[in-house]
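Asks: For reference, the chains in residue letters:
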Amino acid sequence: KQEVTQIPAALSVPEGENLVLNCSFTDSAIYNLQWFRQDPGKGLTSLLLIQSSQREQTSGRLNASLDKSSGRSTLYIAASQPGDSATYLCAVTGSNYKLTFGKGTLLTVNP
Amino acid sequence: SAVISQKPSRDICQRGTSLTIQCQVDSQVTMMFWYRQQPGQSLTLIATANQGSEATYESGFVIDKFPISRPNLTFSTLTVSNMSPEDSSIYLCSDRSGSGEAFFGQGTRLTVV
Chain U
1 KQEVTQIPAA LSVPEGENLV LNCSFTDSAI YNLQWFRQDP GKGLTSLLLI
51 QSSQREQTSG RLNASLDKSS GRSTLYIAAS QPGDSATYLC AVTGSNYKLT
101 FGKGTLLTVN P
Chain C
112 SAVISQKPSR DICQRGTSLT IQCQVDSQVT MMFWYRQQPG QSLTLIATAN
162 QGSEATYESG FVIDKFPISR PNLTFSTLTV SNMSPEDSSI YLCSDRSGSG
212 EAFFGQGTRL TVV
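Chain order of the listed sequences is U and C. Its first residue numbered 1, the first sequence is counted upward by one per residue in my numbering. Its first residue numbered 112, the second sequence is counted upward by one per residue in my numbering.
Keep in mind that the hints were calculated from the coordinates and are not lab data. Mixed in with the good hints, there may be bad ones.
One-sided excerpt, in silico: chain U residues whose CB lies under 7 Å from chain C [claimed, not checked]: (1) Y31; (2) N32; (3) G43; (4) L44.
Anything over 10 Å on all C-beta distances counts as not near chain U; from chain C, calculated [to be verified]: (5) D122; (6) Y168; (7) S195.
With a Cα cut of at most 30 Å, we get these calculated DSS-like pairs of lysine-lysine [said to hold, decoys possible]: (8) K98(U) <-> K68(U); (9) K118(C) <-> K176(C); (10) K68(U) <-> K118(C); (11) K98(U) <-> K118(C); (12) K68(U) <-> K103(U); (13) K1(U) <-> K176(C); (14) K176(C) <-> K103(U); (15) K42(U) <-> K118(C); (16) K103(U) <-> K42(U); (17) K176(C) <-> K42(U); (18) K176(C) <-> K98(U).
Virtual Cβ for every residue (Gly too), placed ideally from N, Cα, C.
The following block holds chain C by itself, in its conformation from the complex (with noise of 0.2 Å):
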């Protein structure tokens, strides 16, 4: 299985300032997903990232408050702009293996006041 190192672990941010969560993958993956998980909710997929082409947002989420690189196949970096208290939030990214087997880094929990 594939491992994913995410980092950071946790924050606490001012609004108005910006994060970038990085996730390292021990192999290379063609597809990288980020995922954002509100206060008692389920995970909600926020982009596709693919290595060489622009990331794929799902509706509702816009590249100036979420950008995405994906400089290689094994790195992809999640950006929160301009935040609000409303982002607080458990982001996490993951992959899938050949067999569609999901799976996910430890999260990046984050509080903005």
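Excised from the complex, chain U in its bound form (with noise of 0.2 Å):
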């Protein structure tokens, strides 16, 4: 059974700063790996999506990057704003097609 884990659970980083997401999971079958965004009690909005087949994606201040053999992936955040404050979840298909969650790290930019 597929499993995700992030780290941290939460992060609280003055403005500016660059900072690293971290994402593991247990099964290395998958197909793809894709990072959302989360404010509080809302849904979630796609940031990147990387195929099993890529190393990295980038859009922006953020570049994901993919080591399927070791099952781990960063998100990597540069310059970051206050607006970045929300919840960062990562979640990979895996070979039943299915999305299985990590349980988020928290971000909070302060000004």
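Got two chains here, separate frames each, mind docking them using the hints?
Replies: Structure follows, in structure tokens:
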């Protein structure tokens, strides 16, 4: 059974800092890995999708990497802003085409 | 990317009643997915809804409690039946693009009192 772990559970940083969020998964037989952002009480916004054959994806200040063989992904956020404050979720699509989510990292960027 | 409109965005309901949540997608999609997010937890898949067939439920979820309709390729509903305070959660619908990217509705924040 696939398990996804996200570290740290919470992170508080000053504005302007670069930061890294970590995601690990136990079964490397995945189709893709996706990073999401969730604001309190809201739905999920897709940030980046990495296919299993890819190593990284970039969108603006965000960069996500994937090391499928070791079961790890990182989300790098450059020059963080207070508007980046949210919960960041990592999810993998397994061989059954279902998404398995981590519990998320709660990010607070302080002005 | 697909745009999914979900409603209601939130509701407060009496125990023993039922609530139907609607999701409308701006394009035709084969499968739609319904998730539950309990307070402080991550998302758990309730069921997969295919047009023209019965929904497929995950372990721990049953049709009597969470009936799902999928009348066409752009619309689905999830009903939370005979609610109890333990059903207080955020409920989300989702679809997948051809590349496998998942998109979500805005979520329905349900509180059962």
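Asks: Tell me if the straight-line CA distance from K1(U) to K176(C) falls inside 30 Å.
Replies: 25 Å, holds
Asks: Going by Cβ atoms only, is Y31(U) closer than 7 Å to chain C?
Replies: 6 Å, holds
Asks: Does the alpha-carbon distance linking K98(U) and K68(U) stay inside the 30 Å limit?
Replies: Roughly 17 Å separates the two Cα atoms, so the pair holds.
Asks: If you draw a straight line from the CA of K68(U) to the CA of K103(U), is it 30 Å or shorter?
Replies: 20 Å, holds
Asks: Given the hinted pair K68(U) and K118(C), is their alpha-carbon gap at most 30 Å?
Replies: 37 Å, violated
Asks: If you draw a straight line from the CA of K98(U) to the CA of K118(C), is it 30 Å or shorter?
Replies: The hint holds at about 24 Å.
Asks: Per the stated criterion, does the least C-beta distance between D122(C) and chain U lie above 10 Å, as a non-interface residue requires?
Replies: Label holds. Min Cβ-Cβ 12 Å, cutoff 10 Å.
Asks: Tell me if N32(U) is really an interface residue toward chain C, meaning its C-beta lies closer than 7 Å to one of theirs.
Replies: This interface hint holds because 5 Å falls under the 7 Å limit.
Asks: Have a go at the G43(U) hint: is there a Cβ in chain C nearer than 7 Å to its own Cβ?
Replies: 4 Å, holds
Asks: Closest CB-CB distance from S195(C) to chain U, is it above 10 Å?
Replies: 21 Å, holds
Asks: Next item in the hint list is L44(U). Is there a CB on chain C closer than 7 Å to its CB?
Replies: This hint holds: L44(U) lies near chain C, its Cβ roughly 4 Å from the closest one there, short of 7 Å.
Asks: Hinted pair, alpha-carbon criterion (30 Å max): K176(C), K103(U). Please report holds or violated.
Replies: 25 Å, holds
Figure legend: structure checked against the earlier numbered hints; the only hint not met is number 10.
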